[in-house]
Structures are given as structure tokens and as C-alpha cells.
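Listed below are the residues making up each chain.
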Amino acid sequence: MTPTCRAARTLSRTPPNPYGKDALVATSVRATSDGSPPSSRPAPSTSRRGDPGAPGGWRTRLYRFDTKASPYAYIAPFFLVFAAFGLFPLIYTGWLSLHNVQLGESGSGSWVGFDNYTNLWDNQFFWKALRNTFTLGVISTVPQLLMALGLAHLLNFKLRGRGFFRVAILAPYATSIAAAALVFVQLFNPDYGMINQLLGHFGVDGIRWDSSKWPAQIAISSIVTWRWTGYNALIYLAAMQAVPADLYEAAALDGASRWRQFISVTIPSIRPTIFFTIIVSTIGATQLFGEPLIYGGGVGPTGGTDHQYQTLSLYMYDKGWQVGQLGQASAVAWVMLLILLLIGAVQLLFVRSNRRKLGG
Amino acid sequence: MAQLTEPVRSSGARHSSAAPRRARRRLRVGGAGKQQNGGPIAYAFLIIATLVSLFPLYWTVVAASHTDTDIVTPPTPLLPGSHLIDNLKIVWDQVDMTTALINSTIVAGTVAFSTVLFATLAGFAFAKLEFRGRNALLTVVVATMTVPPQLTVIPLYQIITKAGWVGHLQSVILPSLVAAFGVFFMRQFLAEALPIELVEAARVDGAHSLRIIWHVVFPIARPAMAVLGMLVFVQSWNDFFWPFIALSQQNPTVQVALAGVGAGNHSIDHAVVVCAALVSTLPLLLVFAVLGRQIVSGITAGAVKS
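These protein sequence lines map, in sequence, to chains A and B. Numbered according to the UniProt record's numbering, the first sequence spans residues 1 to 360. Numbered according to the UniProt record's numbering, the second sequence spans residues 1 to 306.
FYI, nobody ran anything at the bench for these hints, they're computed from the structure. Relax, there's no trap hidden among the hints.
Computed spacing ranges between beta-carbons, pair by pair: (1) A/Gln-124 to B/Asn-37: 53 to 59 Å; (2) A/Ser-110 to B/Glu-130: 49 to 55 Å; (3) B/Pro-223 to A/Phe-350: 33 to 39 Å; (4) A/Ala-345 to B/Pro-223: 34 to 40 Å; (5) A/Ser-264 to B/Tyr-43: 23 to 29 Å; (6) B/Asp-96 to A/Arg-356: 56 to 62 Å; (7) A/Gly-150 to B/Leu-84: 32 to 38 Å; (8) A/Gly-324 to B/Glu-192: 48 to 54 Å; (9) B/His-168 to A/Ile-91: 23 to 29 Å; (10) B/Ile-268 to A/Phe-88: 36 to 42 Å; (11) A/Ala-345 to B/Ser-82: 54 to 60 Å; (12) B/Ile-268 to A/Asn-119: 32 to 38 Å; (13) B/Glu-130 to A/Asp-115: 46 to 52 Å.
Covered, in the sense of this in silico footprint (three residues per stretch, anywhere, with C-beta under 8 Å from a C-beta of chain B), are these stretches of chain A: (14) 173-182; (15) 336-344.
None of the values given here were measured: they were computed from a predicted structure. Glycine residues also receive a C-beta, built at the ideal position from the N, C-alpha and C atoms.
Only chain A is shown next, with the shape it has when bound in the complex (with noise of 0.2 Å):
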């Protein structure tokens, strides 16, 4: 008991938040004052007063059960579900790939090396996939970003409707990939679609937004954009209205204008929003599937009949659950995970610069 009780004084000692300490201690007090029956008294306050009885024992050891271990529990479903579903395959996938598997086999196949990787490093439309992937994603995010951080700007004027403003432009999210997809393709139809259409009274005839390479880059990254502006916007939107007013009134009566205040006090304040989208918004940009694949209708996961829209999400598809190489597949995961780690670092190093430039 002595060992316990010592280790339930220190514990009661070590909270570094001193404030909580005290409002614990008051509020015991008065809830003695207050002559409720000592078995509902806080079981450390028991044991700092020496008085270990036998029914404060076990309570006081399982209340400290309960502090010490429940925090853990509540985490639990969170890092099994990661463990089981995410952390386990994400090794595995790279075990995998040093592997010659087939769809269908369940264990990992003969052992090959690092075939699998340089079998891609010879494959042409393996280095397609990813200049698309490239491609795309720069495409799919910079106008996106850049359009979103004008719509938060205008946003955050005071204007009428602007409740109605900030739903109608967050109403594509809830568009599922298929639907917007599906419907994108026809719009986008070389021979019908609405905006060949459009562009004919502009003099601009017939683009081959199916077959022509960047008319498709440009019509699959518009489905991206269409989907995600507003979401970004609206982050966008809740970060410019957390800036204090004062610098903006300091930057008006320094005689700056609108467009000035939005590019020197705007800006860098909301940069840790900014950071935070082009991250995420360049993971999604990397396993770009369902647009391309439906783009394509027919063709499959070819991402166009000469693979001029295929990303590497794509032809990982095709690789595993076409041709059924598992294993060629896995070698493609494990290298989007290598470029997302590189894109993690510029970005991380990015972030440093940054902040030594503003000297914090």
C-alpha cells in the first residue's frame, strides 16, 4: 500500500498545470462542506490524508486504474484500425513488392528482388504515368488553390446573401468522383458536349478533349477543381476571418490598398492555412483514380488509348487487377509513397525557409 500511496502523492503533485490542481483541491472542499458521504470523496484525496481504508483502497487503485488507463482505451479503436488496416499493409505492400505475386494468391509469392522496380524503370508507360501524374496534379491544384483564395477574399467582404454564396460553391462536394465524372465527360464531348459548343461561337473548333493529350489533362483536372475550390475557399475563408482587424487598419492607414492589404497582411497571415491545403490538396492530387478511369468510359484503366491520361493510381490498377501482378503493382505503391515522402521534404524545408525568412 505505502508504495502506492506514495505514487498517488507524487502523481497528485506532478500535473503541471497548477491552475487545475487548485480547482480540484477547492472543489473536494466544498463538496465535503457540502456533507456528502465520504465514500463519493475523491479517492486521491483519500489517500493523501493517510487514510487507507479498505474500501478506499481498492477504489482509490482502481480510480488510479482509471486515470492511467482509460486514456489509452479511448485511443485504442483509432491505432488498432490503423495498425490492422493501414500501417500492416503499408509494409507489407513494400515486402510485396520484392515478390513475384498473382491476383488471387494470398501469401507473398517467390522472392525476386528488385525486379519488380526495374522492370518499371523500363517501362515507358510506367514514366508516362508519372509525367501525368505530374501534370495533373500541378494542374488539378495551382488554379484550384489560387481560385479558392480569391473566392475567400471576396467572401469575406460584407455582402448580402452570403450564406447562400458559401453553400452554392461548397455544393460540387457533395458530388460523389462517378457522378461528377460522368457528367463532365459529357459536357466535355468533342462532338456534342456544351463547351465545344461554347468555344465554336468564340471561333475555337473542334479540341479533342478525349484523345488530344492536354485537352484531356485539362478537362480531368477540371472535374478536380470543380469538386474542391469551394471546400478550399471556405477553409480559406475561416483562416482570413481569425486575422485581427487592427492590421488591416494599420495597413489602411498606412494608404494601403484593398489589393494590397489581400497580398501583405491577407496572405502571410493565413500561411499555415495555405501550407496545410497545398499539402493536402497534393496527396489527393497524387492518387488521382476514379476521375481519369471514368473519363475514359470504355477504354478502362488505360487512362486513354495511348495512356495520355493514365496516373500512377491508374496503372497500379491496371498492373494488379488487369494483368494480375501483384507484386508489380506493390512496387508502384511503395514508389508514390517515395514521392510523397519527397514531396513531404520539400515541403517540410519550404516551411523552414519560410519561417527563418520572417525570423521566427
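Take the given structure of chain A and dock chain B to it, following the hints.
This is chain B only, laid out in the frame that chain A set:
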């Protein structure tokens, strides 16, 4: 402040619960944000953005109510037609939309419920309880948000093959029972909304931690739980990559069924395809029309502290 709240409150008893919330939001905006009046240019751009956002949705309704011939012969129709019912019948003939809708409801409902439950527990622990390794574990939670599904699907597929779950709903439910986004969302909310004194007072009164969860944490977390539930439901309903791999056209979710409709042969009925897209989106758009403002405020609330 009183001037602001007065008209809201007098507009009817039905709004009385919304009034303080609205007033608070205005107060915060007025105190912190920039409150310049928007000029005509701001309105012009916002109206354009609204049109671009809503037009594809509107045109979905238009195309879904025309025939294939109407759509493929320019000029493309811009007003709703009269073939909606016919197209709906064909959609139901081609794919088992009823099963797909039920499946999506089961999956998204289960995932939303369990995510909200587990994320609230974990978020509470990370926000208000002290335990060894808390900060490190929270960093792990945030880091897991960057792991895309592509990196895990191959072993997952092997697992569900071995378990005989291919084509069954548990294969898409189990991996998404709780996600890092939800944990982080609830942590951010509870860190601010739940006074530590309340937890400690309950503990002093002898409440064990499950009682504290039930009587203190859940009541305070309820608005955030509702928003998180909606966000997760939308996300899960629209989830595509893993369900597309794990499920088949025999027992699909709505998205998988849609991909089947869209990826058919070339002599496809475009009006029917768009009609199927409409059916898949309509439930969410209805939710959105009713609860759009809450979803908007949920997204912005979760973002502020990031």
C-alpha cells in the same frame, strides 16, 4: 450587439435556438475579420463562381430528363425535358440501384456512426486527458492522414480474399471504422469547447471516466459530432477507390454501380448514364439543401486552428 440579435429573435420562436449562435458568429466576425463592403466586382465574381458551381448540377437534371438523341444533337438542351421517369426506369433495369442505394446507406451510416463514436473518445483523450506519449501519438494520428489508400489496398485485397469478404460490405466498412481526420477534428473542437474544470469536478464527485464521457463529454461535443457525422457520411458515400476494388457489380455501392454504368460499351445511352449520376447524388444534395449552413460552419470550424 442587441440590435443585431433583436430582429433575428423576433422573427419567430422557431429560430430562437439559432439566434444566439448566429449572433455569436457575427460578433466574432465583427471583432476579428475585415468588414469592408463588397463592391459590384465582388458580386460579379461570386455570381460567376456560383453559376460555375451549380450549372453542372442543374444540367445533370436537364440531361437526365431528355433522351439520348436530344443530348447528342446540338444545340444541347438547357431546360428540363419530359423523359425523367423513362430514364429512371431504364436505370433501375440496367443496375440494381435499390441494392446500391441501400448498400451505400448501410456503409456510410455505419462508418459515420463508428467514426463519430471512436473519434469523440480519442479526441477527448487527446484534448483533455494526460497520459504518457500523448503528443507523440497525436503526431502519429496527424501523420496517418497522409497515407493514401493506394499504399494499402494490395495486402487488404489479399486479406479480404482470404477471409472471403470480396463483394461483401464488411470489406469496405471495417477499414474505415475510424479515421485520423475525425480524431483530429474532435480533438480540435474539444480542446476549446470543453472546460477542464468540468471534467475534474465530475471526477471529484466520484464519476468514473465512462460516466464522464456520457454525462460531460457527449453533451458538449454533440454539435461537433453532428457535423463530423455529416462530413464522414458524405465522404463515405462518395468513396470510390477501395469499394471499386473490393466490391462487384452484383453487390455494389452507388459509386461502384455508377462506374459500371459509365464504363459500359460504346453504344451507351448518355441520358440514362447522367440519370444514374443524378440518382446517386440526389440524397446528398437533399441533405445539403437542408443542412448546408451547418456543414459550411463545420468545415470552417475544423479549419481555423490548423
